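Please put together the full structure from these sequences, using the hints given.
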Amino acid sequence: MDFLSNLALGFSVALTPFNLLMAVCGVLLGILIGALPGVGPPSGVALLLPLTFGMDPTSGIIMLAALYAGTMYGGTITAVLINTPGESASVVTCLDGHQMALQGRAGPALGIAAIGSFIAGTIGVVLLMLVSPALARWSLSFGPPETFALMLVGLTTVTLLTGENPVKGYISMVLGLMIAMVGFDIISGDARYAFGIPEMMDGIDFLPVAIGLFGLGEVLAGAEAAKGTAVANGRYRLRDVMPSAVDWVRSRWAIARGTVLGFAVGILPGAGPTISTFLAYTLEKKVSKRPEEFGHGAIEGVAAPEAANNAAATGAMVPMLTLGIPGSATTAIMLGGLMMWGLRPGPLLFEKNPQFVWGLIASQYIANVMLLILSTAFIPLFVRALRVPYGILMPIIILFCITGAYSLKNSVWDVGQMLVFGVLGYVMKKLGYSPAALTLALVLGPLAERALRQSLIISDAGAGIFFMRPISAVLTTAALLAVLVPVVRALKSAYRRREAARFGAV
Amino acid sequence: MRGADRIAGAGLLVLAISFSVGALTHYAYWSPNGPGPAFLPFWLGVVMAVLALLLLVGALRERDPGEDWLPRGEGLRRLAWVLGLTLALVASLDVVGMVVGTVIFMVMLVRVLDRHPWPTTLAVAFAVAGFNYFVFTRWLRVPLPVGVFGF
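Sequence order for the protein chains is A and B. Using my numbering, you'd call the opening residue of the first sequence number 1 and step up by one each time. Using my numbering, you'd call the opening residue of the second sequence number 1001 and step up by one each time.
Bear in mind the hints are in silico, worked out from the structure with no lab data behind them. Please note that a few of the clues may not be correct.
To be verified - Residues from chain A that keep clear of chain B, each with C-beta distances beyond 10 Å, as calculated:
{"#": "1", "residue": "Pro198"}
{"#": "2", "residue": "Leu220"}
{"#": "3", "residue": "Gly297"}
To be verified - Derived coverage of chain A by chain B (criterion: at least 3 residues anywhere in the stretch with Cβ under 8 Å from a Cβ of chain B; other residues may be distant):
{"#": "4", "segment": "111 to 122"}
{"#": "5", "segment": "136 to 145"}
{"#": "6", "segment": "170 to 177"}
{"#": "7", "segment": "390 to 399"}
As the structure is a computational prediction, the values presented were derived from the model and not from experiment. Backbone N, C-alpha and C define an ideal beta-carbon position, used for all residues, glycine too.
Here is the structure:
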């Protein structure tokens, strides 16, 4: 009964008028941010984080979590209507969603996505509620070696899963760790790599970095491309977006499978919503009796990935809250926010700040209900927002990047830092590096270094300690495999190419 | 992409080596009670050097120059315009202040670069400046730079 009283506590926090308002704002802004091309979930959370500093941390995280759920749906609107995913978790939705729009069925595509998101999000929160306390209790037994091994898994998987070139992924990750080394060393007190600049002695704050990489970086890439958008015309009233009975029958098991798969993938450190959508789509195509319809407007091809990305966004909260290991760039930025509010994510969070954790969980239920209402009732409004030309949107986003970076410490230094990382983000995006891996590494860097040094202090066998304790041995091996598998694969394909070239020459 | 990878590989290699050397010369690798402040930075530099070499060697052996990666023509002009204006705005914030700076910035980008009509331009510019002023300065009490005009 612990459970119910905790949940009751949560709802008493989440249902206060201000928190309710924050959840509505979060969902609305989230849908909008997800729908606008060039601003994805990480930039949305990074840009709004400064707004939450004046609030109570609970209200702040409620807004950010609602926003995260909203972005997952917002990306769908652009994917279906203009064949441009608003963010990476909606790439798969383009395949069948836009086909449906071309056949005049954009309404049902958006409708089933909203319903699927609602079901997946709600089941996801139930699972979050069931899994998190148990995981938190279990992880209480973790010492520094387990913590370090877990971070290693998070860092290597996110690197593995983002981008095509693993070498560039790992370069991004190590660069993030190097940036994390700047500033006072917690143990010795040395101001490392600060070059005598006072602002750098405190370290490089992750927020201006995140705003720069994701916000300004994406805008610069968009400015160069100067794209115009053409929105598919159509009717998007409530009656038009309701899926038919046939649609529903075809989709219900797809939604169920997508939910379970999405949540499971979301929990894994380093694997977020995007990867879950690809897996869910592949799975549906495999189990479907009509695989030939996929890619030509099969509604299951919209329902399953859309359910999966919402379930995964909820699942990604589990490792962030219980272990302090974010599962994606977006949760990495939220984790940074938690630390700025003075909350230490990890097993103790559940014991020390129950009103925070359970308030967040309860507000997720509310956010899902609102997401369903807002996304079905206000689709015409969001469609209109899509028609805002990029030339007007771009300066607005840049201004938000500037005020966001400035408001952190009221300092122009942070704005300068944001600009530097904005240019870096543009270059990284253009050349195939991974800003997500860099951000995750920057947030985890100081924690990982402390865990590593503490492990080596208590060890009698040097790095052997990571293989002598069962949990850390499994995790460390998994991380090493994540590093080695792409290397072996690259060598294999290079070998095959050379063989092919030799035979070709003969 | 090949050219970019060569430049990045070489640059990152230099960064990695100076990072490791800098760690060892300025900070302690090992302290009496375990690994010191130079321990992780040194190894990060080593790992980065290996990765940079992989990138560099791969790009040097690559025969296909790959797709063009430098911005050109209209794209370059727009990029330079946006980036230049952003830098100018940040550099002059303490003089013009956030409100006036916002309006000028919006006009330059929306009207001059993208040729939207004046009414749209001004409406958007004042809306954004007003939003920033009321949300940040008034509600959140973030003292955005005020400049010589006093707001």
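Hints, verified against the model:
| no. | hint | in the structure |
| --- | --- | --- |
| 1 | Pro198 | holds (18 Å) |
| 2 | Leu220 | violated (6 Å) |
| 3 | Gly297 | holds (32 Å) |
| 4 | 111 to 122 | violated (count 0) |
| 5 | 136 to 145 | violated (count 0) |
| 6 | 170 to 177 | holds (count 5) |
| 7 | 390 to 399 | holds (count 7) |
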